[in-house]
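**Student:** Protein chains in written order, with our numbering: chain A, 1 to 310; chain B, 1 to 267.
Don't take each hint at face value.
Said to hold, decoys possible - Just some of the chain A residues that point at chain B, by a computed CB distance under 10 Å:
| id | residue |
| --- | --- |
| 1 | M38 |
| 2 | Y76 |
| 3 | I80 |
| 4 | Y85 |
| 5 | A86 |
| 6 | V135 |
| 7 | L146 |
| 8 | L199 |
| 9 | F221 |
| 10 | S242 |
Stated by the list, open to error - Cβ pair distances, simulated, as ranges:
| id | chain 1 | residue 1 | chain 2 | residue 2 | range |
| --- | --- | --- | --- | --- | --- |
| 11 | A | Y48 | B | L29 | 41 to 47 Å |
| 12 | A | P227 | B | G99 | 33 to 39 Å |
| 13 | B | R176 | A | Y48 | 50 to 56 Å |
| 14 | B | P45 | A | R123 | 30 to 36 Å |
| 15 | B | S131 | A | L33 | 42 to 48 Å |
| 16 | A | P152 | B | D62 | 31 to 37 Å |
| 17 | A | T104 | B | S131 | 38 to 44 Å |
| 18 | B | S109 | A | P227 | 28 to 34 Å |
| 19 | B | L29 | A | K201 | 31 to 37 Å |
| 20 | B | G19 | A | V166 | 16 to 22 Å |
| 21 | B | L64 | A | N81 | 20 to 26 Å |
| 22 | B | G19 | A | L213 | 31 to 37 Å |
Claimed, not checked - Pulled from the structure, derived: some chain B residues nowhere near chain A, Cβ distances all over 10 Å:
| id | residue |
| --- | --- |
| 23 | V31 |
| 24 | T50 |
| 25 | A168 |
| 26 | A169 |
| 27 | L172 |
| 28 | W181 |
| 29 | A193 |
| 30 | D205 |
| 31 | V237 |
It should be emphasised that the hints constitute simulated quantities derived from the structure, not laboratory data.
All figures in this text were calculated on a predicted structure; none of them were measured in a lab.
Note that the Cβ used here is the ideal one computed from N, Cα and C, for glycine as well.
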Amino acid sequence: MTTSEDAVAVLGAQAPPAARWGSRWRLALPVGLLAVPMLAFLAYFFFYPAIQLLLSSIQTQDSRGIIGRPFTLAHYTRLINVELYARVLWTTLRISIITSVLATVLAYPVALVMVKSRPMITRIITLIVIAPLIVSVVVRGYGWQLILQNGPKGMLNWILMTLHVVDAPLSVLYTEAAVVIGSLHVFFPMMVLPLASALGKIDPNLEDAARMLGAPWWRVFLRVTLPLSMPGFVAGFTLVFSLTAGSFVIPAILGGASAVMLGNLIEQQIFVVYDWPFGAAIAVVLVGLVLAINGVSMWLLEGRRLRRPE
Amino acid sequence: MDERFSGFGAFILSTITAGMMVFILAPLLLVMAVSVSDSYFVTFPPQGFTLKWYAKVLQDRDFLEAMRLSILLALGTTAGSLLLGVPAAFALVRGNFFGLAAIKGFLLSPLIFPALITGLALLQVLTKLGSQDARLNLLIGHVVVTSPYVIRTVVTSLQLVDENLEDAARTLGANRLTTFWRVTLPQIASGVAAGGLFAFMVSFDNYPVTMWLANSEYSPVPLVLMRQLVNVFDPSVPAMSTIIILMAMVGVLLLEKLVGLRRALAA
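Chain B with its partners taken away, still in its complex shape (with noise of 0.2 Å):
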């Protein structure tokens, strides 16, 4: 805290962010306390240390099952929300169009829309179609739910990229394709990764689209874990979460080093 800040005014600023910061950590320090608890049931405070509950869980056909879908559906969700989001986010920055804010605000309005009733409106159509391919159906859910991000972050690298430096490499005779890959692309490709990191981790932990097109044959990590929750009363679960939860700070720590968190997630 700066000078500007001083006395009174200062002290209750920091005791009330400490305290939020202590808020926001307990939930997952106290998950990650319990999950090496060597008791048979979740107890606080949590008694002795073992591993046991990991090799639970790393034997627990179900959960590797789902964690094997979840990671194939994120990939495929990732691709997916690029191939269609980088040429949208393209055509937001260098078109010049009428319309054009509108079509901007119509590709990012999945991210106003309640996601729970995304997945249902989009249960009904593909009921109607008659398409009963869980996977399918799994990935067109998330891919709507997951292109905005991507579009948002492209567009904000894409419009810190000089355009000067492309007229240049077009003057010198390069062509539209090669220009993009050698001049355009590299100055976005943070942007880039950051949207296809996004994709997948929304991908990953996506519950409310997910809810209603998995079926019991292709249930993906969330709700595993939701069915987990509700019958299993022993460490594997905090387990469960723990793996999740150290798979998520490799994210963070991939997002800030690409980009940059605040970056990231601003605009």
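Bound conformation, chain A alone (with noise of 0.2 Å):
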């Protein structure tokens, strides 16, 4: 007997008859193998791409636009102290930050009235807040810059201008203040469901206890709904200043040459100068700081760090 032979004769002793194998085999199919196409699609068309970014990010470009060694950190100094660029940096940080701080001062009391109201003006609101998510970002940058419009045809000045709020037409299109009013249209629906959704499981018995032992409202708030609503707060802070930080469209459409922004640098670099790897360098840059944030968060809502009253 050969050694083959001899593996078939242990085989067929042991296994079952074909028939059976296969039912067998089928039954004892780890369901987790079903996760293995997307793994291998994100695998090779998600991370490898962004590592190969990220390779990129620390190399050199020659004349001929061929990227290799040496190694460098040339682009991302670069990006530091060259002012221009620094300023761009700053700008995409100071617009996120004020979008997110303005998203939560106003969303807040949506979230409030939304999970407290009867069941209609809930289902209004719910609708009038999630509708324009699925509206083309394109189209409701637009929509603002119609608003926005400098000169006396612009709708925001028409309407100050016939109140007699101001004698001449006000610039906002351009500017800082219109990438955040847009970032903050396009965005709000993100700090609102998570808040509402934090805020609809507080137990209303715990507000009612505050309030029966003589709290008043705004007493009742600071130290029972606040502090219970701080993990929605955290996600929609996180999903707002992230979504905001890695715009490109609404800077593009309101921002003019006055509020750009990171996405739109990398753009620029990529399209207009050739220029990939300071391009790649600033996508990480970019993505540092989207997970940098999103770290903090986590931590911040896993560790449960987050203090609950007593």
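Reconstruct the complex from the two isolated chains, following the hints.
**Tutor:** Put into structure tokens, the structure is as follows:
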């Protein structure tokens, strides 16, 4: 007997008949394997490209446009040392922070009303908050362009001048303020929804108890509702900050030359200047910014470092 | 507002909420209003009433071609992300293996990664591979950003499925495929449909990924719209925008019917 015949004999003795073997195999098939196609797809078309991008950000590009060695950190130092680029980085940070803070302040009342109202009103508010989410960002940016239009033909200026609030038209379009307004509009639902879901989970008995013990509404809010809604706040703030920092369309439509953000700088470096490594370095900084804020929020949420009221 | 909020507090809350509702609706309503304005420049307040800009848009070759391309792309993206996402969601909910949480994070990570960078990174790799077919490249890019949405909605609906029903079917002699097809799928159908609708809408509207992977021959709707916005000043741009707003509204209503909006967007 050869070794292979030996193996067949051993297998034959132990394996069930072919048909049964097949069905056993199907039953035993680990359900986890179903994730393999998507894992493979993302590994190849998402993670591998991301690593390639990281790699090209520390490489150099020769005069023929070929990217390779030597490795360098020059693109990163350039982003910080050249005033023009450093300013874009600060503009991005500033616009993202202002938008997230404004979104929080304005979303909190909306989320509260959404959760505490009669079902009919809750439904209407939900629909109004969510519906624009599905309308193209380009269209929404265009809508704001029409409203903020500089000169007396813009809707905002027309209203303000008709009501005699101002005598001369304001110049809002192509400023940072315009980008903040547009971003607030686009990402507002991302703040309202997590807040509303956190507020909805609060046991109303806790608030009732505080009230019965004589706390005025603002104290109930500050000591009970607000602390318990912190997970929603952290989630919403993170989402709005990340999305604003990584946005391209709104600053392109509403910011003009005076509110260029990182996304627009990347596009310019790749499509206009063809400086791939520098574009990649800016991209890495942007990703770093987004991952950092996400990391902090996960640390806050999962470490239960948000204080619960005693 | 119920009695738990009273007096001054309730007044402030309602005022801010009402103000935000106006803020949210204003740009959309304005776009719709000027799209029927009977003047050759977009101005406020709109003058007269006409549908001629819609007639113009519906004869605009570029726009119609972009519409056709975007719809085909979004359909392909929907199919692709359902094929990859539904089985993966199944694995995440029913699987019981080492590193499940890590794999879930891995599969959902395109959601927190800026889409602009996803597109850029993909462009670099696809260029290196020599893939010149813009349609294929767009399809790949769109599936990367939409499949996590499918996973999220399908995972949510799978968690609500009663596994006892599946066990019952299996005990009665149904095999895995029959059980899935006849017992599981009907229960998660609305979740799958919502995931697919999400994929369609995200793909149809995607700018940041599309920007890198499209070329002059294959430009989907968001790119064409952005171009028109810079070059065209008559109300045909608001007319195009209104068509897109109305399509989105249909999508929202479908989503509301299928799963309820809050649930579709939560988790």
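**Student:** Check the following: the C-beta atoms of S109 (chain B) and P227 (chain A) are separated by a distance inside 28 to 34 Å.
**Tutor:** With Cβ atoms ~30 Å apart, the hint holds.
**Student:** When you look at the beta carbon of V237 (chain B), is every beta carbon of chain A farther off than 10 Å?
**Tutor:** Given that some Cβ of chain A is not farther than 10 Å from that of V237 (chain B), nearest at about 7 Å, it is violated.
**Student:** Per the stated criterion, does the least C-beta distance between A193 (chain B) and chain A lie above 10 Å, as a non-interface residue requires?
**Tutor:** 15 Å, holds
**Student:** State, for the Cβ atoms of Y48 (chain A) and L29 (chain B), whether the hinted interval 41 to 47 Å holds or is violated.
**Tutor:** 45 Å, holds
**Student:** Take the C-beta atom of S131 (chain B) and the C-beta atom of L33 (chain A), compute their distance, and say whether it sits inside 42 to 48 Å.
**Tutor:** 28 Å, violated
**Student:** Under 10 Å is the threshold here; is the Cβ of I80 (chain A) close enough to any Cβ of chain B for the hint to stand?
**Tutor:** 19 Å, violated
**Student:** Can you tell me whether the CB distance of L29 (chain B) to K201 (chain A) sits inside 31 to 37 Å?
**Tutor:** This hint holds: roughly 34 Å between Cβ atoms.
**Student:** Should the interface hint for A86 (chain A) be scored as holding, given a Cβ-Cβ cut-off of 10 Å against chain B?
**Tutor:** Violated: closest Cβ of chain B sits about 20 Å from A86 (chain A), beyond 10 Å.
**Student:** Holds or violated: L146 (chain A) as interface residue toward chain B, Cβ cutoff 10 Å?
**Tutor:** 5 Å, holds
**Student:** Would you check whether V135 (chain A) satisfies its interface hint, that is, whether its CB is within less than 10 Å of any CB in chain B?
**Tutor:** 5 Å, holds
**Student:** Hey, is A169 (chain B) genuinely clear of chain A, shortest beta carbon separation above 10 Å?
**Tutor:** 14 Å, holds
**Student:** Take a quick look at A168 (chain B) and tell me if its Cβ sits farther than 10 Å from every Cβ on chain A, holds or violated.
**Tutor:** 16 Å, holds
Comparing the model with each numbered hint stated earlier shows that hints 2, 3, 4, 5, 8, 13, 15, 21, 23, 30 and 31 do not hold.
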